[in-house]
Amino acid sequence: MARVVYDNVTKRFGEVTALRDFSLEIEDGEFVVLVGPSGSGKTTALRLIAGLEALTAGEIRVGERVVNRLAPRDRDIAMVFQDYALYPQMTVYQNLAFGLKMRKMPREEIDRRVHHTAEMLDIGELLQRKPRALSGGQRQRVALGRALVREPKAFLMDEPLSNLDAKLRVQTRGEIKHLQEQVGTTTVYVTHDQVEAMTMGDRVAVMSEGVLEQIGDPRTVYERPANVFVAGFIGSPSMSFSTMNAERRNGSLTLSREGLTLKVDERDMPASGVPHEVIVGVRPEHTVLWRDGAGLIGPIEGRVGYVEMLGREMFIGVSTPGDLRFTVHAAPDAAVRTGETVRFGLEPGSLYLFDAETERALTRA
Amino acid sequence: MNTASRAQVAFNYFLIILCSAVAVYPLVGILLASLYPSGAGNAPSGFALPPTFEWHNYVTAWQQGGFSGYFRTSVIVAAVMVPASVLLSILGGFAFATMQFRGSKVIFYLFILGLIIPTEATIVPLYYDVRAMGLLDTYWALILLEVSGEVAFGIFWMRAAFMSAPRSLLEAARIDGASSWKTLWRILVPFARPAILTLTVLTFADSWNEFFLALVFTVNHLTAPAGLASFSGRYTTNIALVSAGAVIVALPILVVFIIFQREFLRGMLTGAVKG
Amino acid sequence: MDVSSRGRLVSRAGGAVGSRRRPERLPGEARRIGYLYVAPAFILYAAFNLVPLAQGVNLSFYNWDGVTPGIWVGLANYQEFFTDPAIRSGYVHVLQLMVFYSFLPIVLGMFLAVVLSRIRIHGLTFFRMLLFLPLVITDVVTAVAWTWVYDVDGPLNTALKAVGLGHFIPSQGWLGSFNTALPAVGVFGLWGQFGFCLILFLAGVMKIPASLYEAARVDGANAIREFFAVTLPGLRYELQVVLVLSVIGTLGTFDEIYVLTYGGPGTATTVPAYIIWRRLAQTGQVGSAAALGIVLMLIVFVVTFAINRVMERGAGE
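Chains as they are written, first to last, in the numbering used here: chain A, 2 to 366; chain B, 610 to 884; chain C, 567 to 883.
Source of the hints: derived by calculation from the structure; they are not laboratory data.
There could be a bad hint or two in this list.
[What the hints assert, rightly or not] Below, in silico cross-link-like pairs of lysine-lysine (DSS-like), each with a Cα-Cα straight-line distance of 30 angstroms or less:
#, chain 1, residue 1, chain 2, residue 2
1, B, K714, B, K791
2, A, K102, B, K791
3, A, K178, A, K168
4, A, K102, A, K178
5, A, K131, A, K105
6, B, K791, A, K105
7, A, K131, B, K791
8, A, K154, A, K178
9, A, K168, A, K102
10, A, K178, A, K131
11, A, K131, A, K102
12, B, K714, A, K154
[As the list claims (entries may be wrong)] Partial list, computed: chain B residues near chain A (C-beta under 7 angstroms):
#, residue
13, G648
14, A774
15, S777
16, L778
17, E780
18, I784
19, D785
20, G786
21, P803
22, V828
23, R871
[Unchecked claim] From the structure, some residues in chain B lie toward chain A, with a derived Cβ separation under 10 angstroms:
#, residue
24, G678
25, R681
26, S773
27, P775
28, L779
29, A781
30, A782
31, R783
32, A787
33, F800
Predicted, not measured: the structure shown is a model, and the values here were computed from it.
Yeah, the Cβ is synthetic: ideal placement off N, Cα and C, and Gly gets one too.
Please model the entire structure based on the sequences and the hints provided.
As structure tokens, then:
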């Protein structure tokens, strides 16, 4: 049984609190991604499992064993570092074998495991080479191999893909996920890239400034963000936010700001009370150029600030006279130019409402 | 600056050749002088080749001058002192670079102090201490004193070298289960090989060139430099013979320097230049 | 000039000790083990450096001939610093030597480095090797070489006679005449230090980005202005290092004095280290020698500190 559990973990570095009351239960065999901007505490959280830092308060359990006081070598975990940390003077074989040698494993067993892992990662021909003779992608695999060969209770990965070029990154993403499914080891994966998080994680833990903002599977985190931060962090291009005044009238909800008035659809109505000021969020894919009779909320008029042509689609950055910003999704052949005025609307049922003060999501009816 | 005239280039080469020649001249001079016929009053003028090449001056100096004995001392002292000093520096530098223990800062500053304390400040009490230990005029006196003098620099140097290793390398080793000893010898030392080589070469040079200590603490077991000084004093007027002795003493360090030029330069310039 | 390891880092000892973020107590880490690694070096170091230092301070308060029991004299040995002309002249001599060992090599080295840096020099490695030789070869050897150079029938005199300047040759020889002995030692020092300064400054000048010079030229600076505005500030660090190294090194001059002049003629070339040796090993003034050693150390401290302070303040960063 190899669950990894954070139980109210706090970590302070002097005056700075890097991790605050962090609680998370990772199931056996699960692939959990800790994602967030720099300073969010995700790397700290990972290093606490590894034992590379000592926690200030709380407990960490690996496979039902409290590991707070244990040295990294006794925690039965393996780690893949961002810069790979391969031993430069050793061959690939020796790099892979090192951890096993330190544990006094018999030579035949080491040999068997190293070759098996090398085969899994397709680095069999590289075994006699030294790290400096390897490409970035190859080094990354050796780093992975070093963790695999140990057959630990949990894999810890610290942004292993960030030093690869974009194309290699996408390819390796899939390979890592596939490997993990094959091997079935619990994995905690840290990244700042939300695309990585969404494509790889069984569950995604969104973190910000030492706090766990939301934990859930990718779909939930995307479709039901718990607060403004998660809503804005997940999804690219990110959600457009506008602070507006809310008014309940005759059972319907009207949002207004600087001359712009939106009537909120039933589907978007919050279940309980609505504060006076709300933050309205809408994703670009639900913000489209105005078509009469399409049942859109609007029309909203604004000036085009920029146009992003992505080949398959186009994103238009618009600002209203009241200085509200929106990102509008359009077909690649849309005739829109910077400086022009466009009219667009919001798809009903796609609005997210957040309390302007607490920034928490207002739950739907 | 980019388009230099031929004259400028020629002038530059002339300058540097001139400077190098001046630097080397006295040494080349005594090399030639050593080949002159031995005996008083035969001072080579420095601008003419010797009439005959009296190679046997070297044999004379070696045997009569007692250089075989001087060399034995220098070699024995260096052979023990250099590995010991480098080893202790590696151990100490490793601890300061990777470990946290109470008072480490204080101890480290004490070592730094050693970099500034001149030998002259401790030589007087040291003489009587060594005498009291019964180690006067022994190899051990020189070995112990030289090692204790070198470790301050050595620890500083190795600490810097180890600290330049990426932190993740050490962390990977910890996770892999390596003890501190294994981490040091299997990972950090291979990583810092160039720095260790430089330290070894510099330490050897310091040991071989050490004169003051030998003069104070030895009488019958003189090192090569001290032996040369004594020899020079005994045969002042026999320039050829004294020169032969000087060349003999210069040879080992010269050879080491030529082979390990890069390390020497790195050690002397980086230690001085890089922050 | 020995490859003094101590001198090499004295310049940095005054400055930052360079720390990186220290981890707190890590889980599972044996806390005491650091002591074990440091112990061998520290024990040796303490036994032969720190303890003797304390002993030296103690000794300095006594009048002792090394044989009979010593007599407590308090600060008398230190007062000699002001009263004994022999001690004073020792320091005057090193001050004079500093012109040759420190000032001249720096000026010459810097000037030549600037001139030479303009052209790419092929085979620089070879020249570097030659220029470093005086510093790397044992001092005693190079000093012996220079006794030959200064010899009555040696190359210097031969050359002077050849160009008709033979009447300048002093009657007692260069190293034996009161007026020329110290400068003669000085020239030896200049010869030894110069190569190092040249190479060091050359490397330093190469590091100055060309864009700075271009900017200066656009601003209308001529060669001299360029030097003071760009080159000199760019060499600040090297200058600081060489200053400390050479000044401290000169304060501790011994080997060449012993070989070239024995402090003579008379006391024309005595230096503090030599005086200390004589008082310890020959004249039985052990307490005085100890005191002189302590004073020398204090002077080294002060000088290092002062140079670092001045240079760093000048940097103003």
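Hints, one by one, checked against the model:
With a CA separation close to 24 angstroms, the supplied pair B/K714 and B/K791 stays within the 30 angstroms bound. The hinted pair formed by A/K102 and B/K791 meets the criterion: a straight-line CA distance of about 11 angstroms does not exceed 30 angstroms. Restraint check for A/K178 and A/K168: satisfied, since their Cα atoms lie roughly 16 angstroms apart, inside the 30 angstroms limit. The suggested pairing of A/K102 with A/K178 holds, with an alpha-carbon distance near 28 angstroms, which does not exceed 30 angstroms.
Only pairs whose Cα atoms come within 30 angstroms are accepted, and A/K131 paired with A/K105 is accepted, the gap being roughly 23 angstroms. A C-alpha spacing of about 13 angstroms is found between B/K791 and A/K105, which places the hinted pair at or below 30 angstroms, so the restraint holds. A C-alpha spacing of about 20 angstroms is found between A/K131 and B/K791, which places the hinted pair at or below 30 angstroms, so the restraint holds. Between A/K154 and A/K178 the CA atoms are separated by roughly 17 angstroms; this keeps the pair inside 30 angstroms, and the hint holds.
Restraint check for A/K168 and A/K102: not satisfied, since their Cα atoms lie roughly 35 angstroms apart, outside the 30 angstroms limit. With a C-alpha separation of about 26 angstroms, the suggested pairing of A/K178 with A/K131 holds against the 30 angstroms cut-off. Taking the CA atoms of A/K131 and A/K102, the gap is about 18 angstroms. The hint holds against a cut of 30 angstroms. Note on B/K714 and A/K154: the hinted pairing is violated, with a Cα-Cα distance of about 38 angstroms set against a maximum of 30 angstroms.
Taken as an interface hint, B/G648 does not check out: its beta carbon lies about 57 angstroms from the nearest beta carbon of chain A, beyond 7 angstroms. The restraint placing B/A774 at the interface with chain A is violated, with a minimum CB-CB distance near 9 angstroms, outside the 7 angstroms limit. With a cut of 7 angstroms, the hint placing B/S777 at the interface with chain A holds, because the nearest CB-to-CB distance is about 4 angstroms. At about 5 angstroms, the closest approach between the beta carbon of B/L778 and any beta carbon in chain A falls short of 7 angstroms, and the interface hint on this residue holds.
Because the beta carbon of B/E780 sits about 5 angstroms from the nearest beta carbon in chain A, less than 7 angstroms, this interface hint is met. Annotation: interface hint on B/I784 holds; nearest CB of chain A at approximately 5 angstroms, less than 7 angstroms. Checking B/D785 against chain A by beta carbon gives a least distance of about 4 angstroms; that is within 7 angstroms, so the hint holds. The interface hint given for B/G786 is met, as the beta carbon of that residue sits about 4 angstroms from the closest beta carbon of chain A, less than 7 angstroms.
With a least beta-carbon distance of about 12 angstroms to chain A, the hint placing B/P803 at the interface is violated under the 7 angstroms criterion. Hint status for B/V828 relative to chain A: violated, with the closest Cβ pair at about 47 angstroms, above 7 angstroms. The beta carbon of B/R871 is not positioned within 7 angstroms of any beta carbon in chain A (closest approach about 19 angstroms), and the interface hint is therefore violated. Because the smallest distance between the Cβ of B/G678 and any Cβ of chain A comes to about 42 angstroms, over 10 angstroms, the interface hint for this residue is violated.
At its closest, the beta carbon of B/R681 sits 37 angstroms from a beta carbon of chain A; the interface hint therefore is violated under the 10 angstroms criterion. Hint on B/S773 is violated. Least Cβ distance to chain A is approximately 12 angstroms, over the 10 angstroms limit. Interface restraint check: B/P775 against chain A, minimum CB-CB distance 6 angstroms, threshold 10 angstroms, status holds. A distance limit of 10 angstroms between C-beta atoms decides the matter here; for B/L779 the minimum to chain A is near 9 angstroms, and the interface restraint holds.
Using the Cβ-Cβ criterion of 10 angstroms, the hint placing B/A781 at the interface with chain A is satisfied: the shortest such distance is roughly 4 angstroms. Given the 10 angstroms rule on beta carbons, the hint for B/A782 holds: about 8 angstroms separates it from the nearest Cβ of chain A. Satisfaction of the interface hint for B/R783 is found here, the shortest Cβ-Cβ separation to chain A being roughly 5 angstroms, below the 10 angstroms cut-off. About 5 angstroms separates the beta-carbon of B/A787 from the nearest beta-carbon of chain A, less than 10 angstroms, and the hint is met.
Interface restraint check for B/F800: the shortest CB-CB distance to chain A comes to about 6 angstroms, inside 10 angstroms, so the restraint holds.
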